[in-house]
Structure formats: C-alpha cells, structure tokens
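Asker: Spelled out, the chains give:
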Amino acid sequence: MDNLIIEGTNKTPVISFKADTGTLEIAGKSIPENSFGFYQPLFTWIDNYVLNPLPKTEIKISLEYFNTSSSKCLLDILRKLEALKKSAKSTVTVSWYYEADDEDMMEAGQDYDSLVDLNFNIIKI
Amino acid sequence: MAKLDLYNIYLNMEKEDIILSFKGDITKELLSSVYQIVEARIENGNEDPKKKKKFFHVLVECLQNMYNHMETMQELDNSSPENNGSGIFMIGKGEDGGYRIITGNFILNENAGILKQRIDQINAMNPQELKAYYLEKLGSTELSDKGGAGLGIIDIARKSGNKIEYDFQYPSSKYSFFTLSATIN
Numbered sequence: 001m002d003n004l005i006i007e008g009t010n011k012t013p014v015i016s017f018k019a020d021t022g023t024l025e026i027a028g029k030s031i032p033e034n035s036f037g038f039y040q041p042l043f044t045w046i047d048n049y050v051l052n053p054l055p056k057t058e059i060k061i062s063l064e065y066f067n068t069s070s071s072k073c074l075l076d077i078l079r080k081l082e083a084l085k086k087s088a089k090s091t092v093t094v095s096w097y098y099e100a101d102d103e104d105m106m107e108a109g110q111d112y113d114s115l116v117d118l119n120f121n122i123i124k125i
Numbered sequence: 126m127a128k129l130d131l132y133n134i135y136l137n138m139e140k141e142d143i144i145l146s147f148k149g150d151i152t153k154e155l156l157s158s159v160y161q162i163v164e165a166r167i168e169n170g171n172e173d174p175k176k177k178k179k180f181f182h183v184l185v186e187c188l189q190n191m192y193n194h195m196e197t198m199q200e201l202d203n204s205s206p207e208n209n210g211s212g213i214f215m216i217g218k219g220e221d222g223g224y225r226i227i228t229g230n231f232i233l234n235e236n237a238g239i240l241k242q243r244i245d246q247i248n249a250m251n252p253q254e255l256k257a258y259y260l261e262k263l264g265s266t267e268l269s270d271k272g273g274a275g276l277g278i279i280d281i282a283r284k285s286g287n288k289i290e291y292d293f294q295y296p297s298s299k300y301s302f303f304t305l306s307a308t309i310n
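If you read the sequences in order, they're chains A and B.
The numbering of the first sequence is my numbering, which starts it at 1 and goes up by one.
The numbering of the second sequence is my numbering, which starts it at 126 and goes up by one.
Think of the hints as simulated: they come from the structure by calculation, not from any bench.
Each hint should be verified, as a subset may be incorrect.
Below, a sample of chain B positions facing chain A; criterion: calculated Cβ distance under 7 Å [what the hints assert, rightly or not]:
| no. | residue |
| --- | --- |
| 1 | K153 |
| 2 | P174 |
| 3 | K175 |
| 4 | V185 |
| 5 | Q189 |
| 6 | Y258 |
| 7 | L260 |
| 8 | G264 |
| 9 | L276 |
| 10 | G277 |
| 11 | D280 |
Reference excerpt, derived from the structure (chain A facing chain B, CB under 10 Å, subset only) [as the list claims (entries may be wrong)]:
| no. | residue |
| --- | --- |
| 12 | T9 |
| 13 | P32 |
| 14 | Y65 |
| 15 | S69 |
| 16 | L75 |
| 17 | D102 |
| 18 | E103 |
Note that the structure is predicted; figures quoted are calculated from it, not measured.
We treat Cβ as the ideally placed atom computed from N, Cα and C, and that holds for glycine.
All chains should be modelled from the sequences, with the hints used to inform the complete structure.
Answerer: Right, here's the structure in full:
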C-alpha cells in the first residue's frame, strides 16, 4: 500500500505514515477548524494498514499545539491501533514527545496512556 | 448614519489594554491571520514560554468555539440583523501581566439556558474534577464536524486555570448576545 505523506501548514501537522516501515508520524500543530475533515484520510489509511500490518508498528506524536477537536481524532487513531494490538497481528508502540517546558503536553500524553491499552513512551525533547 | 466616535472607541480599548480586536465575519482565513499575528507578537516578547503556550491554546479554543457556533447559526435564518455571521473578539493584556480573551456572538435564546448551566457546572469544578470531566467527555463523546463535542469550554477552563466569565444580553425575542471572557495569568 502507499505511504501517506502530508505537508504541514500553520494549522495542520506534518503526516508521514509509512506502510513499508510501520512508522506513523504526526508532528507540528493541529488546530484546524474541521479536524474531522483533516483526519479522515488518516483513519482510512490506518483501516487499510491494519489489514496487512508489519509485525511492529510505531506511532510517533510530537505536537506543539492541538485543539480539542484534534484531541478527539488522536484518540480515534489510538483506538484503531489498540484494536490492531488486540488482534495480535502487530505490536504497537506509542512515542509521545513533549518539549521540556511543556507540562501540559506531557500530561496530555499521560491522559491518552490512561484512555487506551497501548505501550506508551513519554519522551522529553 | 450618525457620526462614529472612533476616538471614544479607541479610548475605551486603550483603557482595557486591548492589543487586538475584530468585529465582522469570522472565517477560517481570518482565524489563520489572527494566529499568525498573535504568534509573531508573543514570539517577540519576553514572555514565559509556558504562559505563551497556554494563551495560544486558550485563544484557539475561544475563537474556534465562536467559529463553530456561528457556522451552525448560519444554517438557520441568517437574514436578521442579529444573525448575520458577524461576531466580535478582543485580546487584551490583563492586570498582573496576564492575557484576556473576550468573544461575543449571537446564539438562539433557547440555547442560552443550557449554555449558562454548562459553564456554571464547569466553573464549579476544581482542577482535578475538570481533568476527570475532560477525560470522561474525550473518551465517550462522538466528534461532529462542528467541533469537539463540548470539550472546548472544559478545555478553556482547564488551560486558563481561571473561572470563565460570561454574560448574556437579550436584544430580541429570538437571539441572545453571548459574551465569554477567559483570563490567563
């Protein structure tokens, strides 16, 4: 399947979902007015990826800001990956990056960790 | 049209320490420009990075809250002078070096009661309760294409660390003017 690469804008993050390496990266800012519209292709990509996943899947999330509608979309992505893990077709690691002075972003990572059953690494950069 | 007393508006805004204000159509393009202006301005100042992030975060939620609401209102009758797609917001410096974000827009009278109730409920919560409530809503509600399913108001309270101030004025039998004010110190 094809990789999904989307360039970042001042409201939307850089997306780099690679089927050939099993790495999914979301980086930058995620503050679109219509988050669902932006995230829809990501959901579709993951729905296809989980049909034939690599044995190891890693999602790397390094966001500077995200709005509440994006927070819901991020949870939906993690829930899809949680289902993948449960299916035992792939291991799933979440790497959640935050800047040293950004406690809110660290806490957001912990919040997601508490909401889904996935292996979380919360990493200071 | 009566002569517009711009000087008086200027003096009032000066008194309130307003650094940016807008009245008119709230569009995606406008919000992009506002984010750019604000980011450039706070980047240049000697502001605590934590406070900058909190301010920007709350600003985005406040403006998108208004944007989403007005988009919904546009689907209704938009021929009346109250519901013409126009809103107002101001960004000000507060006392003790904080920031203040104030938004104003029309809502349907019938929605005013429930909105007031929701803000009162959120204002009554301490930080732990707010966090628990946010996670509960995040985990359980469905996202609509109109935004974050009520997460915005909780997030404004959570991130600002202050009670949300609000006001309702009732200029017509159909519409209320809703003012929301968030302070970040």
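Asker: Next step is simple, just say for each hint if it's right about the structure.
Answerer: Hint-by-hint comparison with the structure:
1. K153: 5 Å, holds
2. P174: 5 Å, holds
3. K175: 6 Å, holds
4. V185: 5 Å, holds
5. Q189: 6 Å, holds
6. Y258: Y258/B check fails; min Cβ-Cβ to chain A is 12 Å, beyond 7 Å.
7. L260: The hint holds - L260/B has a Cβ within 7 Å of chain A, the shortest such distance being about 6 Å.
8. G264: 5 Å, holds
9. L276: 4 Å, holds
10. G277: 5 Å, holds
11. D280: 5 Å, holds
12. T9: 9 Å, holds
13. P32: Hint holds; P32/A Cβ to chain B Cβ min 8 Å, cut 10 Å.
14. Y65: Since chain B brings a Cβ to about 6 Å from Y65/A, closer than 10 Å, the hint holds.
15. S69: Check passed: Cβ of S69/A comes within 4 Å of chain B, closer than 10 Å.
16. L75: Holds, about 6 Å.
17. D102: 6 Å, holds
18. E103: 7 Å, holds
Checked against the numbered hints given earlier, the structure breaks only hint 6 and satisfies all the rest.
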